[in-house]
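A.B. asks: The chain contents come next:
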Amino acid sequence: MDSTAGDDTAFVRFENVQKSYDGEALVVKNLNLDIAQGEFLTMLGPSGSGKTTCLMMLAGFETATHGNIFLDGEKIDNTAPHKRGIGMVFQNYALFPHMSVAENLAFPLEVRKINRSEIKSRVQRVLDMVELGDLGDRMPAQLSGGQQQRVAVARALVFEPSLVLMDEPLGALDKNLREQMQYEIKHIHEQLGVTVVYVTHDQSEALTMSNRIAVFEDGVVQQLASPTELYEHPKNAFVAAFIGENNKLIGTVTEANNGTCTVQLDNGDVIKASAVNIDGVGSKTTLSLRPERVMVIPEKDMPDHMENVFEAEVLELIYLGDHIRTRVRVCGDDEFIVKVPNTGAGHHLAKGRRIDVGWSVADCHALDAS
Amino acid sequence: MDDQTTSSGLVTADGQPLKRSLQRAERTRKLTALALVGPLLAFLLVIFIFPIGQMMWRSVDNPQIVNAIPRTLEALQEWDGEGLPDEPVYAALAEDMRADAELPRREQWMGRMGVRLNYELSGARGAIARTSRAVDEFEPPFKEAFLDAHRNWGNPELWQILEREGRPLTASYYVAALDREYDSEGKIVLRDENRRIYVSLFGRTLALSGIILFLTFALGFPIAFYMSTLPMRYANLLMICVLLPFWTSLLVRTTSWIVLLQQQGVINNAAVAMNFISDDQRYSLMYNMQGTIIAMTHILLPFMVLPLYSVMKNIPPSYMRAAKSLGAKPWTAFRRVYFPLTLPGIGAGGVLVFIISIGYYITPALVGGQSGRMISNEIARHMQQSLNWGLAAALGSMLLVGVLILYWAYNRLVGADSLKLG
Chain A
5 MDSTAGDDTA FVRFENVQKS YDGEALVVKN LNLDIAQGEF LTMLGPSGSG KTTCLMMLAG
65 FETATHGNIF LDGEKIDNTA PHKRGIGMVF QNYALFPHMS VAENLAFPLE VRKINRSEIK
125 SRVQRVLDMV ELGDLGDRMP AQLSGGQQQR VAVARALVFE PSLVLMDEPL GALDKNLREQ
185 MQYEIKHIHE QLGVTVVYVT HDQSEALTMS NRIAVFEDGV VQQLASPTEL YEHPKNAFVA
245 AFIGENNKLI GTVTEANNGT CTVQLDNGDV IKASAVNIDG VGSKTTLSLR PERVMVIPEK
305 DMPDHMENVF EAEVLELIYL GDHIRTRVRV CGDDEFIVKV PNTGAGHHLA KGRRIDVGWS
365 VADCHALDAS
Chain B
1174 MDDQTTSSGL VTADGQPLKR SLQRAERTRK LTALALVGPL LAFLLVIFIF PIGQMMWRSV
1234 DNPQIVNAIP RTLEALQEWD GEGLPDEPVY AALAEDMRAD AELPRREQWM GRMGVRLNYE
1294 LSGARGAIAR TSRAVDEFEP PFKEAFLDAH RNWGNPELWQ ILEREGRPLT ASYYVAALDR
1354 EYDSEGKIVL RDENRRIYVS LFGRTLALSG IILFLTFALG FPIAFYMSTL PMRYANLLMI
1414 CVLLPFWTSL LVRTTSWIVL LQQQGVINNA AVAMNFISDD QRYSLMYNMQ GTIIAMTHIL
1474 LPFMVLPLYS VMKNIPPSYM RAAKSLGAKP WTAFRRVYFP LTLPGIGAGG VLVFIISIGY
1534 YITPALVGGQ SGRMISNEIA RHMQQSLNWG LAAALGSMLL VGVLILYWAY NRLVGADSLK
1594 LG
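Taken in sequence, the protein lines are chains A and B. With the numbering used here as the guide, the letters of the first sequence map in order to residues 5 to 374. With the numbering used here as the guide, the letters of the second sequence map in order to residues 1174 to 1595.
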């Protein structure tokens, strides 16, 4: 497991953590993860991949079956949740319905026995921070979803924890509000410098907000990297498919050297690709190719940096405004997608037409076979 | 849009005033609602509201004396209330008695008046019965004849009672139900100490209900909490155990408590067998207050558990987690977050248990003995044995009003709309 955080500077550290609920199956398999102070780390994965379990273990609501969790150098396996000082934003906000917004925000301060005037000023400060300055007297049920969400974030921050956990906090909001809240949370993170561990199954949310993303699948971190790295250089077929859209071609490696390889597809076509995660000559591989990195080549104008050029038949065109989503049959694959930018110059695409498409070696990643 | 508004307000597209159009649309809806509710409303009116109203009416209704001796009452108006009335009153009484005897038996009032007077003065019934048999042979002066026939006719108290109760409505049942009586001057005073029963019985009923309420809460809260945390499958199993008493006949349940609790019962035998107590020290768990408390707590437990469970099941576990993550100790989190959210359930369960136990009859009757009796047992006694329905009605009405006051107080304090009955 690679990590950009240094070994001793890790703020949060999972060390060989395993978790099983029934003693038969592992929900989390040997997790090693370092999170640096001030980092925004997202645990991304489909439901049941173990990401929420990891968050709950960090919060103290689940105990690790094996391994240790460290917070700021201290082992916290046996620390009760209320002594960990970790702020948490829950999926459905978990605002206390019988307390007003201000009482909700004052709660963490009251249990810490902070004096009244201090509580009042701090509550007002976080209310202003989330732009709800004059709604302190409202009950949570009187707020809109987005406002409740802000109160939940404010409540997790009001006692100034150095670590905040967020468990799919934007899941219940509609799309526009969700995008707006993504930016707001990101800005609050930048402003306060707290460490955030964020759980989501929405990859665009993860790409928008995170410093680093840990992609979970089947209880294992498949890849831990920055959003750019994840998208541009997925380490395996799962990550390539899970993050962003992806064309998949399956073939056998026939030649490999210097980081590139030659792959023969099942229909006989030969493709040159960069070797990322292959077992060597003769092994099966999945080629991953982003739809926007495939070029439609104008007739009789062959650019020399395109190592892979194939003839394709246009099967379907979907007009999406900024680009035209084009489904073509190429290399024996009917589901091959090409995103053709809408440059306004008019286009020569039509259903049934034969065109040439091409892509470079660098954009085509040879990954594991699965 | 502009052409649809006139000076008199909005109109619909075809020119009808919008308000009338809306009323017509609403009327159908209201009629449908009434048709749906109607049968139940009629049913309740006939078998619930009407009998209760009649029962409450009985507690003040006082027709016996007015109907039996109208002439006497008229003559009594001349009386100054001191000593015995004069000859005209006795003459009117003789006339009333003779007239009453002429009537068909079913329409006679004299016997009923005797029963009624006996509530106020024991022996009055005998005086009336004996005199009405002899009244045909009476010769003037009637005063002597009456005094000869029964000594009670020489008792000024009887005449005071006749004058006081010779009205169509009476407060005397309520006076009796409050352990009070009229003294010789017609003032309401407390009864002799050894004849006061009802006020202390009301007090005991309230105290027992309070204890039962507390016990059902103390026993029901943890089990409801535990059930709400269990997966559905196990929660349903536990729920069946809680509901089992609901599905068993009340009589069977109560008699099983007798089997368990009596002096030679299972619990005492086990305690003796295990040498906790010697044979002559057996606990008296039944035919006293303990019996009533134990059996009624068991019977009323589901009424507490069900509303609590339904409320607790709907409290997401994330609230407690949130409270803990915000730094609250488990107990603080429970006290400040979880417990306040269960209040609607506690209120509903509490009101149910308290109101049901205040009027509970059969269990105290079977296992309560003397010290475990409640007010409803006394009401039943007056309904079935002493046949003093007026007093039973007065006691029942006081109970009903008491429950309504409690409900009103609850509504003021907590708000009835927060009740969650399941």
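Since the hints were derived computationally from the structure, they do not count as laboratory data. Computed from a prediction, not measured in an experiment: that's the story for all the values here. Some clues are possibly wrong.
To be verified - Chain B is faced by these chain A residues, among others (derived, beta-carbon under 7 angstroms):
1) F15
2) A63
3) T83
4) M92
5) A106
6) F111
7) P112
8) V115
9) R116
10) G175
11) Y187
12) Q226
13) Y235
Cβ atoms here follow ideal geometry from the backbone N, Cα and C, with glycine treated the same way.
A.B. asks: Next step is simple, just say for each hint if it's right about the structure.
C.D. replies: Results for each hint:
1. About 18 angstroms separates the beta-carbon of A:F15 from the nearest beta-carbon of chain B, more than 7 angstroms, and the hint is not met.
2. Interface restraint check for A:A63: the shortest CB-CB distance to chain B comes to about 6 angstroms, inside 7 angstroms, so the restraint holds.
3. At a threshold of 7 angstroms, the smallest CB-CB gap from A:T83 to chain B is about 12 angstroms, leaving the interface hint violated.
4. A cut of 7 angstroms between beta carbons decides the hint on A:M92: the least distance to chain B is about 4 angstroms, and the hint holds.
5. Look at A:A106: its Cβ only gets to about 14 angstroms from chain B, farther than 7 angstroms, so that hint breaks.
6. Given hint, A:F111 at the interface with chain B, holds; its Cβ is 6 angstroms from that chain's nearest Cβ, closer than 7 angstroms.
7. Because the closest C-beta pair between A:P112 and chain B is about 4 angstroms apart, less than 7 angstroms, the hint holds.
8. For the restraint placing A:V115 at the interface with chain B, the shortest Cβ-Cβ distance is roughly 5 angstroms, inside the 7 angstroms limit, so the hint holds.
9. For A:R116, the suggested interface contact is upheld, since its CB lies about 6 angstroms from the closest CB of chain B, less than 7 angstroms.
10. Contact between A:G175 and chain B, as hinted, is not supported at the beta carbon level, the nearest pair being about 13 angstroms apart and thus beyond 7 angstroms.
11. Contact between A:Y187 and chain B, as hinted, is not supported at the beta carbon level, the nearest pair being about 25 angstroms apart and thus beyond 7 angstroms.
12. Hint status for A:Q226: violated, given a least beta-carbon distance of 28 angstroms to chain B, over 7 angstroms.
13. The beta carbon of A:Y235 is not positioned within 7 angstroms of any beta carbon in chain B (closest approach about 33 angstroms), and the interface hint is therefore violated.
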